[in-house]
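Residue numbers (our numbering), protein chains in the order written: chain Z, 1 to 429; chain B, 1 to 192; chain V, 1 to 302.
Heads up, some of the hints might be wrong.
[Unchecked claim] Residues of chain B placed beyond 12 Å of chain Z at every Cβ, according to the derived structure:
1) Gly24
2) Asp28
3) Gly140
[To be verified] One-sided excerpt, in silico: chain V residues whose CB lies under 10 Å from chain B:
4) Pro48
5) Glu50
6) Leu52
7) Glu53
8) Gly68
9) Gly72
10) Thr73
11) Gly135
12) Leu141
13) Gly152
14) Thr154
15) Val171
16) Ile172
17) Ser281
18) Arg282
Simulated from the structure, these hints should not be mistaken for lab results.
Every residue, glycine too, gets a C-beta built ideally from N, C-alpha and C.
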Amino acid sequence: MPIYASFAVLALLFLLGVPVFAAFFGFNIFAALLLMGPQMLSIFPASILDTSMTSELVTVPLFILLGELLFRSGCITILFDAVDDIIGGIRGRQYVIVVVISVLLGALSGSAIAVAAMLGRTVMAEGIQRGGDKQLLAGLVLGGACLAPIIPPSFLIVLIGMLSGTSISSLLAAGVLPGIVAGVLFFLYVQVLLWRDPSRDIERPSDAPRGSMLRAILSLLPFSIVIFAVLGLILLGIATPNESAACGVFGALVVAAIYRRLSLSMVIEALKGTVLMSSMILLIMAASKILTQLMAFSGLTADLVALLTGLDLPPVVVLAILMLIPFVLCMFLDQIALMLVLIPIYVPLLATFGFDPLVVWTLFLLNLTLGSITPPFGYALFALSASSPKDVSLREIYAASWPFIGLIVLTLILVWAFPPLATWLPSRL
Amino acid sequence: MVAGRQGGPPPLLREEKHMFRTIGRVHDRLSETGLWLGMGALAAIAAISFAATMSRYLLGAPIAWVPDWSGYLLAFSIFVTAPAVTRHGQHVAMDILASVFTAPWLLRLLSLGALLATFAILVTMSWIVWRSLLSALGAGTMTAAGYPVPRWWLLAVVFYGFASSALHVLRMLAFCPQKAGLPQPLVETERV
Amino acid sequence: ETTVRMLNTWDDRYPGSTVICERYAQLLTEASGGEITVQISGPETIPPLEQLEPTQAGLFQILCTYPGFHTGTSTLLTGLESIRPDPEAFRASGAMDEIRDSYGKLGLHVVSVPLAHGYWIFMNKGLSEQGDLTGRQIRALPPQHPYITAIGGTPVVLPPAEMFSALERGVIDGALFPAAGASGYGFAEVADSYLTTNISSPHVILANQAFWDGLPEDLRTVFDAQAEVLETEIPGVYDRLNAEEAEKLAAAGMQKLELDAATAARLEEGVASGAWTFAQSRDPEAAARLEERVTEAGLLTN
Ligand code: NA
Ligand code: NA
Chain Z
1 MPIYASFAVL
11 ALLFLLGVPV
21 FAAFFGFNIF
31 AALLLMGPQM
41 LSIFPASILD
51 TSMTSELVTV
61 PLFILLGELL
71 FRSGCITILF
81 DAVDDIIGGI
91 RGRQYVIVVV
101 ISVLLGALSG
111 SAIAVAAMLG
121 RTVMAEGIQR
131 GGDKQLLAGL
141 VLGGACLAPI
151 IPPSFLIVLI
161 GMLSGTSISS
171 LLAAGVLPGI
181 VAGVLFFLYV
191 QVLLWRDPSR
201 DIERPSDAPR
211 GSMLRAILSL
221 LPFSIVIFAV
231 LGLILLGIAT
241 PNESAACGVF
251 GALVVAAIYR
261 RLSLSMVIEA
271 LKGTVLMSSM
281 ILLIMAASKI
291 LTQLMAFSGL
301 TADLVALLTG
311 LDLPPVVVLA
321 ILMLIPFVLC
331 MFLDQIALML
341 VLIPIYVPLL
351 ATFGFDPLVV
361 WTLFLLNLTL
371 GSITPPFGYA
381 LFALSASSPK
391 DVSLREIYAA
401 SWPFIGLIVL
411 TLILVWAFPP
421 LATWLPSRL
Chain B
1 MVAGRQGGPP
11 PLLREEKHMF
21 RTIGRVHDRL
31 SETGLWLGMG
41 ALAAIAAISF
51 AATMSRYLLG
61 APIAWVPDWS
71 GYLLAFSIFV
81 TAPAVTRHGQ
91 HVAMDILASV
101 FTAPWLLRLL
111 SLGALLATFA
121 ILVTMSWIVW
131 RSLLSALGAG
141 TMTAAGYPVP
151 RWWLLAVVFY
161 GFASSALHVL
171 RMLAFCPQKA
181 GLPQPLVETE
191 RV
Chain V
1 ETTVRMLNTW
11 DDRYPGSTVI
21 CERYAQLLTE
31 ASGGEITVQI
41 SGPETIPPLE
51 QLEPTQAGLF
61 QILCTYPGFH
71 TGTSTLLTGL
81 ESIRPDPEAF
91 RASGAMDEIR
101 DSYGKLGLHV
111 VSVPLAHGYW
121 IFMNKGLSEQ
131 GDLTGRQIRA
141 LPPQHPYITA
151 IGGTPVVLPP
161 AEMFSALERG
171 VIDGALFPAA
181 GASGYGFAEV
191 ADSYLTTNIS
201 SPHVILANQA
211 FWDGLPEDLR
221 TVFDAQAEVL
231 ETEIPGVYDR
241 LNAEEAEKLA
251 AAGMQKLELD
261 AATAARLEEG
271 VASGAWTFAQ
281 SRDPEAAARL
291 EERVTEAGLL
301 TN
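In isolation and in its complexed conformation, chain Z is listed as follows (with noise of 0.2 Å):
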């Protein structure tokens, strides 16, 4: 099969060491030949075009942006400080910061790898600056940014009740509860972690003495603005997510000039640093999405669902089956694209096994998004090993990620053994 031969050949490129955009178009380019002769290389142009003026992808440029205005305006060093001053003095308090304020970015976008490069650029390098553990910090940032798409809002919730034709109101009331678990989940991790291993934590440097908790609280009132930006627009009928992304932008701008930061140099140095990284991105993007036509083209998408899913067995397998297919192909293909392959099929399943639409699409988004934060191929992967600070390694990243996938896998479980978990908070609505 000419597509196992690419396959090998993509596999190859990789362990090179060729950087991952060239990687894809390399398979592309020998898969293209291999399918079907020279004439099938004409489609990249037009596929690449197709991608980089995707106006859906403007916000991944937008919320790296936001997260480079943040960090360079000081913003989260504040967020640091004044969530340490609320929570005061529990084990590992710094982690259970970066968990917090993961969500709680990662709530502001619905792409996983916009917040997981924007989380780098910010939590990660912060806390690396205090002393954190880089693979605890990146698993964390990593676990975050996997939120990011459950935790409304989120535009791939609502492409998937357009696909599969659920209510996109309970999808995404469906996504809370899984998300705040997978959050207390994250935070056990680390209390077991530094339990084990106190080397782990970073401690508070002590001539920094503890604030009170009004002065904390105050000292966020300047970020709100940044949060009332992006989701208060959203949810007041004011602005799309994607001119949120904009506002958002306009808010870190005037945060910055109430924290006295904001220069011609400052805004200079984000954009800089926001078009090397979105440019990186979106190469990778480009590439993957010629890769999910091709793989459409040889048939092998539909093969692969058809041979899973004609087998004769119960329903318990066929659903842990339908969840491996996303989160294996959306290791290295397009989620976007593979929405649109995979729904249409498995609606009419989820009728046939008794599936409840929203207990079974809320595993799926976090499926998808699993794939993005797993090695090799994960998207998010890339993204936060190009943001976060340059000491810090893909392999150190690989690494870092394994922990959190688990915590992920026995979300998923948690919240398919008591479907509540996803189907109460939309029926209270």
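With chain Z's structure known, arrange chains B and V with the ligands on it following the hints.
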């Protein structure tokens, strides 16, 4: 050039060396200019999206061309910046083999292999985009949008992104052999 | 045996995918006694806006699509949004000759132009006091903006993925969208009423010219005859689909809005002038000739 390098570099005449250095400087400056243009495009996206939101909500006057032009500016910024991304070694690569093997000659060989493969891929991509550029130019194809622009404008930027990146990789192959042993093969300069 | 690679613009959410693209494939196979088999690839293979080029290049032999998706190359067929879906009168008008001439210059043979009843406006705010769209922000594709402004509305451009949450949260007051399949896309959840219009929705089935020229005469006859079968049945199929849609929307509690005669006439004028102005943007002479043909055939009046 690569074969020459492995068998010992052929002595270059003084003028040739000078000429290569001048071309290299011009190329670097071009890539840095591209980076600034990409930054400008991104700032423009943020500004027009914000302005359009305010105009629609506060004045009831949506600016219809903003979504299309955000897309054009995004495509422009990705590819006009790409050569600078390559030059600054900002692409993400796997460093699995490079971390397993530590023998310097092996690392150098891996690096050469990676640079050669990357160069070949980028040249092929440039050629594919170039052909499409010519056909779009010949047919006068516009973008399928409400506010269309000629497709060849965008394809020209895509072509520039691939071709200039390819040239950066070629220069790394030819002129930075001592750097070709770093864990991340495309690190030419420090990360910015 | 001839295997034909067909590219289908839509996924299964849009009924046209089944009743036009898959239906034509089935007609071809049946009428040829199994000699023609059609292999269909969907939008996951090539994105909708990029499908014309691979068909011109011969990667796919047949493209089943909506003319609004390739306006960068040809805008001709969008003029047909202003005509009554009457396949017999359309065929008799000679419009097809003009269309084939124009697409022929692009290396494409026009196999069929199935016409359907097209668009409704899904609203979360009723009509204005004047009984039109005054003060309402309506999402529509830019070529269709004149339709919205003709009845007082303010057109807004939004990507499809944002349209639904924007409607739900009230960022916009309505959206112009194909009627068939609307509830499947989730409009019933984010809107509470809908305004029916007479805007038509032309579809088109295109063949790669070299493939068409190389087809044996008997197979070409099968393609042409089945195109006629398809074109004839489509308006009735869409009447049924739209009626089903109206039932589903009513069951979901959505209210049906209608324009008074004067406003409806304003909309009709806006559609006729807007559709043909836009149709002329790529090949103006062909568009002018096509407009003349359909006007003479009396297709512009509902
Ligand atoms: Na979110
Ligand atoms: Na890094």
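Verification of the hints:
1. Gly24: holds (21 Å)
2. Asp28: holds (15 Å)
3. Gly140: Fine: 16 Å to the nearest Cβ keeps B:Gly140 off the interface.
4. Pro48: For V:Pro48, the interface hint holds, since the closest Cβ of chain B sits about 9 Å away, which is under 10 Å.
5. Glu50: holds (8 Å)
6. Leu52: holds (8 Å)
7. Glu53: Since chain B brings a Cβ to about 8 Å from V:Glu53, closer than 10 Å, the hint holds.
8. Gly68: Since the shortest Cβ distance to chain B is 8 Å, the answer is holds.
9. Gly72: Because about 4 Å separates V:Gly72 from the closest Cβ in chain B, which is inside the 10 Å limit, the hint holds.
10. Thr73: Since chain B brings a Cβ to about 5 Å from V:Thr73, closer than 10 Å, the hint holds.
11. Gly135: holds (8 Å)
12. Leu141: holds (6 Å)
13. Gly152: violated (12 Å)
14. Thr154: Holds, because the Cβ-Cβ distance from V:Thr154 to chain B comes to roughly 6 Å (cut-off 10 Å).
15. Val171: holds (8 Å)
16. Ile172: holds (9 Å)
17. Ser281: Hint holds; V:Ser281 Cβ to chain B Cβ min 8 Å, cut 10 Å.
18. Arg282: With a minimum Cβ separation of about 8 Å from chain B (threshold 10 Å), the hint on V:Arg282 holds.
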